[in-house]
Structures are given as structure tokens and as C-alpha cells.
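**Student:** Protein chains in written order, with my numbering: chain H, 2 to 181; chain U, 303 to 610.
Keep in mind the hints are simulated off the structure, nothing from the lab.
Note that the structure is predicted; figures quoted are calculated from it, not measured.
The reader is advised that the hints may include incorrect statements.
Said to hold, decoys possible - EDC-like, lysine to aspartate or glutamate: derived pairs with alpha carbons at most 16 Å apart:
#1 U:K608 with H:D76
#2 U:K610 with H:D76
#3 U:K610 with H:E181
#4 H:K161 with H:E181
#5 H:K88 with U:D330
#6 U:K608 with H:E181
#7 H:K88 with U:D581
#8 U:K426 with H:D76
#9 U:K610 with H:D155
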Amino acid sequence: MSQKVLLSSKEINIILHRLACQLLENHLDFKNTALIGIQPRGIYLAQRLNDILKKEYGVKHIDLGFLDITFYRDDFRRGDKTLEANKTNINFLIEDKNVVFIDDVLYTGRSIRAALTAIQSFGRPLEIELLTLIDRRFSRHLPIQPNYRGRQVDAINNEKVKVMWVENDGEDTVYLVNNE
Amino acid sequence: MSELSVNHLLGIKYLKEQDIQLIFETADHFKEVINRSIKKVPSLRDITIANIFFENSTRTKLSFELAEKRLSADVINFSASQSSVKKGETLIDTVNNILAMKVDMVVMRHPNPGAGIFLSKHVKASIVNAGDGAHEHPTQALLDSYSIREKLGDVSGKNVVIVGDILHSRVALSNIFALKLQGANVKVCGPKTLMPKYIEALGVTVESDLRKALNWCDVANMLRIQNERLDISYFPSTREYTQQFGVNKKLLDSLDKEIVIMHPGPINRGVEITSDVADSKQSIILNQVENGVAIRMAVIYLLASKIK
């Protein structure tokens, strides 16, 4: 197993600011927008963007929620392990809102497919966009593409992209891990 | 730990403490789901579940059926009273015929203790015991503990008294197993005639004075007198039972502290508890019913994920 650094802490910081600006460009005051972090790993990115938008760009209020997709996944009983759920926390209505899904890595697109189903339990959004820090090219199983992407990566199937966050892992780094 | 150590839920006796914690954590997520405006998730859409009830039930049957439907499973219901069991079919034949229709899981209530265990050894399906005679009623005990955990923060270290017909109660036995496994202190209280002989062997103490028991406890789980299982007279009259082992508001208010009142239902109002107690703010009887759906969703979800 070998791993190399794809993005350093500094690069991640620059990208986060760019993504925040792109969100700002499309959503301005965020009055009718909800940022939804996809559990388990998308919540850190969503929280970061929320903080940057508020602290550095003066956005007063953002509806920030976390969505767990476990019960909507299409691989129930198909793996060896029981799928473990995480907490969903959406304490606002998403009816007629502009929803932005936020996840760390876009790979096959199946998580986002599950999120698209899951979010319907909370109402009918006006539109849904997708923001990912890492977009793994050429690996999609479904016709799903991000609206905002941090970095596009060409990774082969036995490689894994690992996104680490200070809050959870003690560092801000993105690694490309080769399992061979 | 992320999966159950068992493939069937036959009784609390066969569970480990981690299993209970896993069920509770999963139930937390399902409780959030059933409080949404759209209360359904698609997890079990390729699973078919048969509810076979050889004994009457309202709450448990509805609760299981609702839990299954909230998980998007296909559900078939079967009541012994309207079936070929009356024509002399054996239990294994009945169930194998149902399984031949490609059923993955069986939820069964049966008047004979051990019916679920017997079935699990002879048929190829995941079995959930929804009550087998006077033996076990595991999902009831799980939802009772879950409700205590919700109300008091934890089950470990809490004092729980189970009052009533301990001898014929599957709820009592499953509760004792579940509470002891989680580190609670358990007392049982009731007429001597309705107390199993070697009940202390389960690690519980017996108290015949209701007031003493209530003053000791944090939670009182009041059981119904199971008239349908009383083959002989175990106490002189219902009135006398109520006088000694019934909880009324006056008794409750005279205690040193505020205790939590639970009841697995169905309630015989005015016998084991009076209406003002059942409907008081100390009672969590309806929370138990709500939690029942979340707990059963968790149990079914976790068992179904082990079906290959």
C-alpha cells in the first residue's frame, strides 16, 4: 500500500474559498438556499463552507443540514457488513428551496442517487445542486455530475481517495491511496 | 460492533449487551425517520415478511406491520383462527408453505413456549419471536428498556420494579433478562401465588409490599393479570388484588420521589393501575407504543441485513 498527497492543507484552504465564492455567486444571500452535508464524510466540508461564508463573506444566515442516506442505499444486503446509519439533522423545510448537496468525494454517484431519494422525505426542493471537493473522473456508474468541484482526479479502481479533516482526523489533507 | 450476533430474535436470553446497544442506536435513527412527514425508507424493498399470529394481539401485530411497511418490506399476515391450522396442519408445514412463497422473515406469536426456537431449527428463514406463551417477548422488553433510556438517560444502575403476574408473563421474563444485561437492579412484586419458585436465580429480588417496592424504584412496570392464562384461582378476588398491588394516584403522590410508570398494555384500568395514573405525566405508556415501532424497525433492519 502506498499513498501520495493530492492536496495539502494550504491547497484545500484555497479551494474551499473558491468553492465558497462560487456558491456565493449563485446564491447571494442564501435566503432560499439550504446546504446539505451528506453523512458521514460530507458534513465536515459543509460545516467548513458554512463557516467561511459566514465569517469571511458576511452571510448572516444559512440553513445547514446533515442528511444520512443509509436507509436509501442500493447495496443493502449486498455487502458483508450491516450498513450503519448516522444522524440526519434537517430542522428546516426544504420545500421550494435551492438545495446544495455537499460531499467530500464523488465516485460512482450512488451515494448521491440515494441522497436524491432521501431528500424527498423532507419536501420538494426547487432545485438540487452538487458540490464535491474531489471528483473522480471516469468512475461514474450513474449519470451524475457536480455543479461545483474542488479538484478533478483520475484514479483507477484499486486506488482510493482519502479526505482528512482537522476536526476528525487531525489534519487537512487529501491522499491518493494505492492498495496494490 | 455493527451487526447482531444472532440471526433470529428468539429471546433476550440469546442476546449480548452490545446487541441491545446496536438495536437502540439503530432505533434512534428510525425514531427520527418516523417523525418525518414522509415516514418511510426504501431499505427492505426486496424483503418479504410473514406475520403469523397463533394468538390474539392488537398492539404488537400493528406495531410489527407498521415497522415492516415503514421499511418498505412486503408484508403478508396470517391469523391461525382463519387458517388451515384448524384443519390439522402442523406448525412446520404451515410455515414451510408460507416460505415456499419466497418469504424471507417470519414474525411469530404462538401460545407455546419455545415455538420460535423450534421453528428456527427447522425452517430456512429469519425468525422474530413476537411472544411465545409465558416464555419471552423480546421486542417488548427492548422497547421497555429503550423507553427507560429515553426518559432517564440510561438503564444501567436504575432501579426497576415489575409488578403483577410474574408467573405467566413473558414480558416479565424478557424484561428481567434485558434489564439485568444492561446493569439495572430489578425487583419483582406481586402475590406469592403468581411468583415463580426460583425467580431469585435470575438475579432479582422479591418484594411483597408494593409501597416499599415503589419507594425503592425509579421505574415501575405494571403488568396485567393474564386472566386467559389463569387455570386456577391465584388470588381471592380482583378487588383484593387491586387493593394490594394496584397503583392509584394517592399512592403515587405519597411516595418519596416521582417514579416513572410503564405498562406493556393492554391495560385493565382500575385493576393494576387507575385511569388517573395511566394518564398522568409520570406515565410513559404511549411513548412505549411509539418506541415500539422504532425498535421493531431496528430489529427487522438488522436481522434482514444478515439474510444473504
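**Student:** Decide, hint by hint, whether the structure agrees.
**Tutor:** Hints, one by one, checked against the model:
Distance restraint check for K608 (chain U) and D76 (chain H): the Cα-Cα separation of roughly 13 Å lies within the 16 Å cut-off, and the hinted pair is therefore satisfied. A hinted pair counts as satisfied when its Cα atoms are at most 16 Å apart, and K610 (chain U) with D76 (chain H) qualifies at roughly 12 Å. Note on K610 (chain U) and E181 (chain H): the hinted pairing is violated, with a Cα-Cα distance of about 29 Å set against a maximum of 16 Å. For the hint linking K161 (chain H) to E181 (chain H), the alpha-carbon distance of about 11 Å falls within 16 Å, and the restraint holds.
Note on K88 (chain H) and D330 (chain U): the hinted pairing holds, with a Cα-Cα distance of about 9 Å set against a maximum of 16 Å. Between the alpha carbons of K608 (chain U) and E181 (chain H) the distance comes to roughly 30 Å, so the proposed pair goes past 16 Å and is violated. For a cut-off of 16 Å, the pair hint linking K88 (chain H) to D581 (chain U) is broken: about 32 Å separates their Cα positions. A hinted pair counts as satisfied when its Cα atoms are at most 16 Å apart, and K426 (chain U) with D76 (chain H) does not qualify at roughly 23 Å.
Between the alpha carbons of K610 (chain U) and D155 (chain H) the distance comes to roughly 34 Å, so the proposed pair goes past 16 Å and is violated.
Hint compliance for this structure: hints 3, 6, 7, 8 and 9 are broken, all remaining hints hold.
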